[in-house]
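Work out the full structure: start from the sequences and follow the hints.
Spelled out from the first residue to the last, the chains are:
There are 2 protein chains.
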Amino acid sequence: MQDSRISDAVVHRLPRYYRYLSELEAAGVERVSSSRMSEDMNLNASQIRRDLNCFGGFGQQGYGYQVSRLKQEIMKILGIGASYKAVIVGAGNIGQALLRYRHFGDEGYHIVAIFDNDPEMIGREVGNHRIRAMSELPQFLKENKVDIGIIAVPKRYAQQVADDLVSMGVTGLWNFAPVDVEARRGISVVNVHLSDSLYILSYRMRENRKNENN
Amino acid sequence: MQDSRISDAVVHRLPRYYRYLSELEAAGVERVSSSRMSEDMNLNASQIRRDLNCFGGFGQQGYGYQVSRLKQEIMKILGIGASYKAVIVGAGNIGQALLRYRHFGDEGYHIVAIFDNDPEMIGREVGNHRIRAMSELPQFLKENKVDIGIIAVPKRYAQQVADDLVSMGVTGLWNFAPVDVEARRGISVVNVHLSDSLYILSYRMRENRKNENN
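Here the protein sequences come in this chain order: B and S. At position 186 of the first sequence (counting the first as 1) the number is 1075 in the working numbering, and the numbers step up by one without a gap. At position 185 of the second sequence (counting the first as 1) the number is 1074 in the working numbering, and the numbers step up by one without a gap.
Calculated directly from the structure, the hints in this document are not laboratory data. Just so you know, not all the hints are guaranteed correct.
Note that identical chains are pooled: a pair holds if it fits in a single copy or bridges any two copies.
No farther apart than 35 angstroms at their CA atoms in a straight line, the calculated lysine-lysine pairs in the DSBU-like style are these [unchecked claim]:
#, residue 1, residue 2
1, K1034, K1044
2, K974, K1099
3, K974, K1034
4, K965, K1044
5, K965, K1099
Note that the coordinates shown come from a computational prediction; the quantities given were computed from them, not determined experimentally.
In structure tokens form, the structure reads like this:
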């Protein structure tokens, strides 16, 4: 595989390609042209060709892309199916929702434990997991090789939890607290801001209303 | 305000500017230069200037941007604080997590009701709301002007719920089911795919590992 860097914009489109190709594959489609992709995905066809060229380019003129092969390649690049172990810190609504979402496991992201510091929560069963005390976290991470820490605690604890997880060997942080957590070089962090998509929604609603009034 | 279209890429960066400026404002900062923004936000300074120029450009050479004024302008563009009413359909984990997240109300996105079709759930109290039966939805939307429908139902029901909400007058859809819902022209839709950010995380973890091994 290529070892050149793929631009951030392309990387951010890869999950969309992956979802689209998965749907095609499930529907039994074997080949797809960039012009059909363009229509279905509402992306420019030449952009699609450029994007897919970034990592090899399996398209053939007048023949299109092989759906399964292209999907596999994108999965490989994104690391989907590579088998990761994750723990969730924070067993509130978001933590529990993530724990119960089975799809992650199917794609190789295995949630192996959930932790909270609320005595009311500790010991409860959620989606086949017993909520563990935060005090058990260091020992747990010593005994289990965990790749990803999922942060679902209130904003004010998020950075501390991130630091603790990293100091215990976690190399990826998926943060749902509404604040950007940071980590040293070599640690990967993705901060999820649910509100951002709500702002985009209200932006589009305003634009639509303006257009109607014109 | 300008009525020219702002490019999609710029629009998608606006929530980040908004969050950043909110933090500065809370810290009592009155002015900020594009070079400081560039450093703090890890964005190119000339890109920041270009972005902010799209909607007026309040920067002055050697003086910087007025934090509060710029934040207010971005809020206006995004529609934050304009007061929207929203209903949630689906009172599972995601639905309840969104209902309990108070921050939305502070910014003008008011969740006024939550619906489910599970007899076990209907009538339960969640975060000061009684879960209503789906059968009450048409009457509720007749009596209350609701702008946004939040879809938190399983994948297979998502499009039907979207269609129903739109036929009952909702003009914005914020969808959390792991499928892209569609709506006719004039209706705004944002599909949230939580997994996408997890794929990006595993991509970065792989890249980091590659760099370490080099």
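The hints, checked one at a time:
no.: 1; hint: K1034 to K1044; in the structure: both (26 angstroms within a copy, 33 angstroms between copies)
no.: 2; hint: K974 to K1099; in the structure: between (47 angstroms within a copy, 19 angstroms between copies)
no.: 3; hint: K974 to K1034; in the structure: within (7 angstroms within a copy, 45 angstroms between copies)
no.: 4; hint: K965 to K1044; in the structure: both (33 angstroms within a copy, 25 angstroms between copies)
no.: 5; hint: K965 to K1099; in the structure: between (43 angstroms within a copy, 14 angstroms between copies)
Violation of the numbered hints given earlier is absent; every hint is satisfied by the structure.
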